[in-house]
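Peer 1: Chains as they are written, first to last, in this note's numbering: chain A, 1 to 346; chain B, 1 to 404.
Careful, some of the hints might be misleading.
In silico DSS-like links for lysine-lysine, alpha-carbon gap of 30 Å or less [claimed, not checked]: (1) A:K188 with A:K24; (2) B:K14 with B:K381; (3) A:K324 with B:K381; (4) B:K381 with A:K147; (5) A:K147 with B:K212; (6) B:K14 with A:K87; (7) B:K381 with B:K212; (8) B:K212 with A:K324; (9) B:K252 with B:K302; (10) B:K16 with A:K147; (11) A:K87 with B:K16; (12) B:K14 with A:K147; (13) B:K277 with B:K181; (14) A:K73 with A:K147; (15) A:K77 with A:K87; (16) B:K46 with A:K147; (17) B:K261 with B:K243; (18) B:K308 with B:K359.
Simulated from the structure, these hints should not be mistaken for laboratory data.
Remember, predicted model here, so these are calculated numbers, not experimental data.
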Amino acid sequence: MNVFGMTVPAGFELATSIAIIIVKIAVIVAVTMLHVLYATYFERKVIGHMQVRLGPMRVGYHGILQPFADGIKLFFKEDVVPAEADKTVFKIAPIIPVFATLSAVAVIPFFDGFVIANINVGLLYLFAMSSLAAYGVIMAGWASNSKYSFLGGLRSSAQVISYEVPMGLSLVGVMLLSGSLNLTEIVKAQQQYWFGMYLIPQFLGYFVFMVSAFAETNRTPFDLPEAESELVAGYFVEYSGMRFAFYYAAEYIGMIVMSCVAVICFWGGWTLPPVLVDAVPALAAVPGIVWFLAKVYFHVFLYYWVRATVPRYRYDQLMSLGWKVLLPLALANIVVTSVVKFFAGS
Amino acid sequence: MPAAPEEIGKKEVKTKELTVNMGPQHPATHGVLRLVLELNGETVVKCTPYVGYLHRGVEKLAENRTYMSALPLTDRLDYISSMANNIGYCVAVERLFGVEPPERAKYIRTIMAEMTRISSHIIGVATHVLDIGATTLFLYSFRDRETLLDLFEMTCGARLTVSYPRIGGVRNDVSQEFIDKLYEFTGYFPETIEREYETLIDRNRIWLQRTKGIGVISAEDAINWGLTGPTLRGSGVPYDVRKHAPYDAYDKVEFDVPVGKNGDVYDRYKCRMEELKQSNRIIRQCIEQMPRGPIMAPDAPKFTLPPKDKVLTDMESLIHHFVLITKGPIASPEGEIYSATEVPKGELGFYMIGDGSGKPYRMRLRSPSFVHVSVLPELCKDALIADVIANIGTIDIVLGEVDR
Numbered sequence: 001m002n003v004f005g006m007t008v009p010a011g012f013e014l015a016t017s018i019a020i021i022i023v024k025i026a027v028i029v030a031v032t033m034l035h036v037l038y039a040t041y042f043e044r045k046v047i048g049h050m051q052v053r054l055g056p057m058r059v060g061y062h063g064i065l066q067p068f069a070d071g072i073k074l075f076f077k078e079d080v081v082p083a084e085a086d087k088t089v090f091k092i093a094p095i096i097p098v099f100a101t102l103s104a105v106a107v108i109p110f111f112d113g114f115v116i117a118n119i120n121v122g123l124l125y126l127f128a129m130s131s132l133a134a135y136g137v138i139m140a141g142w143a144s145n146s147k148y149s150f151l152g153g154l155r156s157s158a159q160v161i162s163y164e165v166p167m168g169l170s171l172v173g174v175m176l177l178s179g180s181l182n183l184t185e186i187v188k189a190q191q192q193y194w195f196g197m198y199l200i201p202q203f204l205g206y207f208v209f210m211v212s213a214f215a216e217t218n219r220t221p222f223d224l225p226e227a228e229s230e231l232v233a234g235y236f237v238e239y240s241g242m243r244f245a246f247y248y249a250a251e252y253i254g255m256i257v258m259s260c261v262a263v264i265c266f267w268g269g270w271t272l273p274p275v276l277v278d279a280v281p282a283l284a285a286v287p288g289i290v291w292f293l294a295k296v297y298f299h300v301f302l303y304y305w306v307r308a309t310v311p312r313y314r315y316d317q318l319m320s321l322g323w324k325v326l327l328p329l330a331l332a333n334i335v336v337t338s339v340v341k342f343f344a345g346s
Numbered sequence: 001m002p003a004a005p006e007e008i009g010k011k012e013v014k015t016k017e018l019t020v021n022m023g024p025q026h027p028a029t030h031g032v033l034r035l036v037l038e039l040n041g042e043t044v045v046k047c048t049p050y051v052g053y054l055h056r057g058v059e060k061l062a063e064n065r066t067y068m069s070a071l072p073l074t075d076r077l078d079y080i081s082s083m084a085n086n087i088g089y090c091v092a093v094e095r096l097f098g099v100e101p102p103e104r105a106k107y108i109r110t111i112m113a114e115m116t117r118i119s120s121h122i123i124g125v126a127t128h129v130l131d132i133g134a135t136t137l138f139l140y141s142f143r144d145r146e147t148l149l150d151l152f153e154m155t156c157g158a159r160l161t162v163s164y165p166r167i168g169g170v171r172n173d174v175s176q177e178f179i180d181k182l183y184e185f186t187g188y189f190p191e192t193i194e195r196e197y198e199t200l201i202d203r204n205r206i207w208l209q210r211t212k213g214i215g216v217i218s219a220e221d222a223i224n225w226g227l228t229g230p231t232l233r234g235s236g237v238p239y240d241v242r243k244h245a246p247y248d249a250y251d252k253v254e255f256d257v258p259v260g261k262n263g264d265v266y267d268r269y270k271c272r273m274e275e276l277k278q279s280n281r282i283i284r285q286c287i288e289q290m291p292r293g294p295i296m297a298p299d300a301p302k303f304t305l306p307p308k309d310k311v312l313t314d315m316e317s318l319i320h321h322f323v324l325i326t327k328g329p330i331a332s333p334e335g336e337i338y339s340a341t342e343v344p345k346g347e348l349g350f351y352m353i354g355d356g357s358g359k360p361y362r363m364r365l366r367s368p369s370f371v372h373v374s375v376l377p378e379l380c381k382d383a384l385i386a387d388v389i390a391n392i393g394t395i396d397i398v399l400g401e402v403d404r
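Here chain B stands alone, though its shape is the one from the complex (with noise of 0.2 Å):
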């Protein structure tokens, strides 16, 4: 029986939220990330971030692994910036055995920690900009990705898990054709950014709308939540540990650090494109400054193995290579050291035990992409469905990060 017209609008409808399971297969979670919203219609009431579905437990792991054995563990943190995961580890365990690598090893570190930021950066943003519905953006980031991967592939013969530095240096010396080609790519890739990937999103006015005022997150509240990077920078926190804890060659040349104002998705955005171009102002000056000598530190065959020509014809590298694969670094040092650098998503920190065996004894991690989530229910609340897309990029996460 229809109501009387009187009692429409007196009868009280229940309503309750709707509980969306977002992830942890889910197109724009960037990984396994799982994401369980309580919706209003299109608001987002409360949105609960899972994670662990990517655990692997790398820390556990490189407890029973030598100190190089446990590099490769650090190429699948993120797994899109492992070089810089690579170099994070090897300067811990530098510290913390207190080794210093030769000039033209940071050298070369710097420009492939670079790279890295660079590689990952443009897939950061252009993923950011594929989940709010654009899609040139993403292919042509990946056409200057592939140029950097090749040049990765070229020099260590990976692209993705390089594993490319060693504890007191780097595997190889890069070769001339490498510098030619990645000199040739910074000639042009700022270019690029200009004309190809700030044209498209910058001064559009649906991306605008999209990203402006989304996800504001003031500095304090930034700090506050431990977040690093671009991510913390966006707030306008001009924290970088490149220029605060120099380490490699950072300390030699120079660069900005871009910081944003308002802390939105759009200043965000603005951070990591203009870090593209520090990058490129780095690798440029790494390049123009970079001296000749060796890329090994000299007791470096204490703690990394011996070329394996030299394993099978020099009697003194056999033995080295026998007690580094059974027992791990000769001397290795007691004691502990937490050791901070900067990957692209932001502070990557170690926190190393050593007791004296060959390996560690603990190893913990600080990844930026863990943190980083930890402010998605704070970013999310009272958006929009799509305000969450649009938070889940800008935070820039990489989930084999996050659950380690």
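Just chain A, same shape as in the assembly (with noise of 0.2 Å):
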């Protein structure tokens, strides 16, 4: 075994595996949370200009330092629990959404070759842990034995499993196409085209999978569970200082690897379109961390360019366009796309 350019003497190779692996989680885990903090700083900003202001401006040059001051803020804020609440589910329960969208984050090739669990079936294990991360909405929604909240975790878990079956059906065209349900994979298969993009050919999966995305991260027009101004903050209203924060994380968290799965799965991860490279030759000597972090970023902004734009939809309409819209559509790609790939021989 060898790690950069040493050899590892023999018996150790097990330990230094490992070794390898934690670095990579603590590496990632690191840039995940740094990510976080500055998506909320980018999101500030972003909206702020859109709406004619300026954002953070404080804390630093340009509020540069503005996430670590909400940070340290919401770390020493008193951690309040309701006297009625049921102590034990109101503690577990931020933790879960947190654990769930940071475990998620294990399966994503960021460029050639890096990720810490290359397995077979990462698109599932996506799915399972986006999935679990709606348990601690419910049970805070629950716990919190507060009618507000209630209604916020009731409305999250009807909304979280309705959207999760477009979701899932509209990445079911990208394994038909690629043939694999690994991240890796999906990227290279990609490659075969020369636009090296599922987007062209599954541009319905792309939209059904992006609205699906945008309501199951709670985003608006879909933040019903957190709607402000009816249910004053849903699920988490009771909760304060890092408990609190840990929504939030899970909520970005959320947001960042929606936006990886769709630039891996529809915008080619970390490549570039054929086409454009043998046009351009010198883009292929940027590293593929480049391309995909701009990829993510571009779908992180779009994040917030739907949220400065739209308002949020009524439970009812959000139920009817998941069930009566989004699915359909779906379906009807996995349709088009199995019957073409069928007749045209993969």
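Grab the two chains, each in its own frame, and use the hints to assemble them into the complex.
Peer 2: The structure is reproduced here in structure tokens:
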């Protein structure tokens, strides 16, 4: 075994590979958490400028240190647990979404070969983890013993379950085309096309996926569980301090994970369209992580852009959109993709 | 023990409505309105509004104040359109006293009232839209409102609680700079509405789904409930005090009264947007037509304080000042009057009884927001929770006026 050019002595292979994985995990968790911090800053700046204001300007140059100020503030806030709450569940609930969304990062290939767990069912694992996050919301809604939280929790569970279905189905087209559930394989399969992306053959799937992703991460226009003006803050209305911050962190990690999935499944991951690389060979020299991050940031920007533009759906409209529009679209996409693939002979 | 398959569904499950207390501290109730909602799932079975959390006894306080010192109380009614309330009060007292303000003062008041209407309507629409979830319009409209508030500040030194009109005129003349800046504003504002407000909302499918067919009230019901202002006009009734009983300079300017058709949230929103343009039109006409001349009625010293510098140098002004402060207006009439003006929210009525002393014997307010709150249970019946928010926004209430 060979690590950074040094030969690992016999008998230490297992220990070394575990050490490497731990280092990888540490790096990815640190980078993800930093992204979460700056995703909030980015959001406030982007939306601020869209709304003819400046966003954070006080802490550091143009508010660049604002996320740290927020983090420190939340960390030192009093942790209030309501007297009537189910205390155990109340305390466990915020950990679940953070745990689930962070675990989902494990299977995401950031560039060729850099992935913690290159498992063959990566896509299924991602779904499993993103569904798990809903438990934190339901438990919070129930354990807070508050009517507003309860309504928020109910809405969220219904919403996440409804949108899981079209979301899963929207990616079936990608699975059919690539013939794999492994995220790295999916990216590589896209390189067979001259445009290097499933975005074009799977535009319907991409559309359904993005809409579902917005709903899955409880972002505007599907932010009903936390509908500020109706339910005040929805399921986490009783949370304060770090526990509150956990829900926030989970939401942003969720956003980033969903953006990563979109990039990997539809935008060719860390690769560029072959036609573009052929035209400008110099592009091949740029590390893949740059393209990957650029694409992810664009998707994160998309979340903010939508948030600054549209109002919120009503509960029944949200449900009918999920079941009556997105689900049939996703199914149609599967049928069309299968038929085309069958007759085109892969 | 799990139930046997054939027993499932037969067992009677007792359900009851969930009672949710919305307010008085709630971001979407526009102040301290408290609604008690009885919910069946997401559907509202019953909605009961409770008002009075902001009650300050304005009507009673006015009885112990002279006519001119009761004026600042009206600022605090609908605190985002205080200029219109002031004007409503002054018009009422003038009618009671039989005083006629000079032409220029009438035009200035009309301009101020319409500026207030613009600033109130954009707040009304913006918070309404914000409640439904779109944040950007809110910030855009606050930018434009800022221009208007700066203009208020330029004229009278205050931005919100202005107390600018006086019985028999206005406190001071407007400057040329004010006129120029306002004229410039009226030049670009209609375009701002079309380019920035309406493009964001008007054709937005989510907005249309959230507002069309929601909170419908028929023209007949709207009249029976006593609704006024855009809330009534959204149902198609073209009733506007400015047209039907003109005061100030409204009979000298041209404007349309926009009406809706279906009486739903969307139509009321459209009415307000259209009124913004009409107000803009009125302001432009007023600026173009405004004559020069005095800004206070000739017999003003009898009921309005003289300028401070005169009090210090002029004997007669000093005497007037002393009498006005200690006893109130000289030769206050006896009699009663109901005077209505069109404030942004609807018809603001002042019912006043004068007993010959310098203070009103009784002042009763007919505030549009109070009447509008009463229709909430009707609008919210069998609606969803999200519609309750839309309905609160669409009747455009300000709790300072509801509770007085």
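Peer 1: Against this structure, judge whether each hint is valid.
Peer 2: Hint check:
Of the pairs offered as hints, the one joining A:K188 and A:K24 holds, with about 22 Å between alpha carbons and a cut-off of 30 Å not exceeded. A hinted pair counts as satisfied when its Cα atoms are at most 30 Å apart, and B:K14 with B:K381 qualifies at roughly 23 Å. Between A:K324 and B:K381 the CA atoms are separated by roughly 27 Å; this keeps the pair inside 30 Å, and the hint holds. Simply put, B:K381 and A:K147 have alpha-carbon atoms about 20 Å apart, close enough for the 30 Å limit, and the pair holds.
Proximity of A:K147 to B:K212 is assessed by CA-CA distance (about 29 Å); at most 30 Å being required, the pair is judged to hold. As the CA atoms of B:K14 and A:K87 are separated by approximately 28 Å, the hinted pair is consistent with the 30 Å bound. Among the hinted pairs, B:K381 with B:K212 is consistent with the structure: their alpha-carbon atoms are about 16 Å apart, no more than 30 Å. At roughly 20 Å between alpha-carbon atoms, B:K212 and A:K324 fall within 30 Å of each other, so this suggested pair holds.
For the hint linking B:K252 to B:K302, the alpha-carbon distance of about 28 Å falls within 30 Å, and the restraint holds. A C-alpha spacing of about 14 Å is found between B:K16 and A:K147, which places the hinted pair at or below 30 Å, so the restraint holds. A hinted pair counts as satisfied when its Cα atoms are at most 30 Å apart, and A:K87 with B:K16 qualifies at roughly 26 Å. With a CA separation close to 19 Å, the supplied pair B:K14 and A:K147 stays within the 30 Å bound.
Under the criterion of a C-alpha separation no larger than 30 Å, the hint pairing B:K277 with B:K181 is consistent with the structure, at around 18 Å. At roughly 28 Å between alpha-carbon atoms, A:K73 and A:K147 fall within 30 Å of each other, so this suggested pair holds. As the CA atoms of A:K77 and A:K87 are separated by approximately 18 Å, the hinted pair is consistent with the 30 Å bound. Only pairs whose Cα atoms come within 30 Å are accepted, and B:K46 paired with A:K147 is accepted, the gap being roughly 17 Å.
Between B:K261 and B:K243 the CA atoms are separated by roughly 20 Å; this keeps the pair inside 30 Å, and the hint holds. The straight-line distance between the Cα atoms of B:K308 and B:K359 is roughly 23 Å, inside the 30 Å bound, and the hint therefore holds.
Checked against the numbered hints given earlier, the structure satisfies every one of them.
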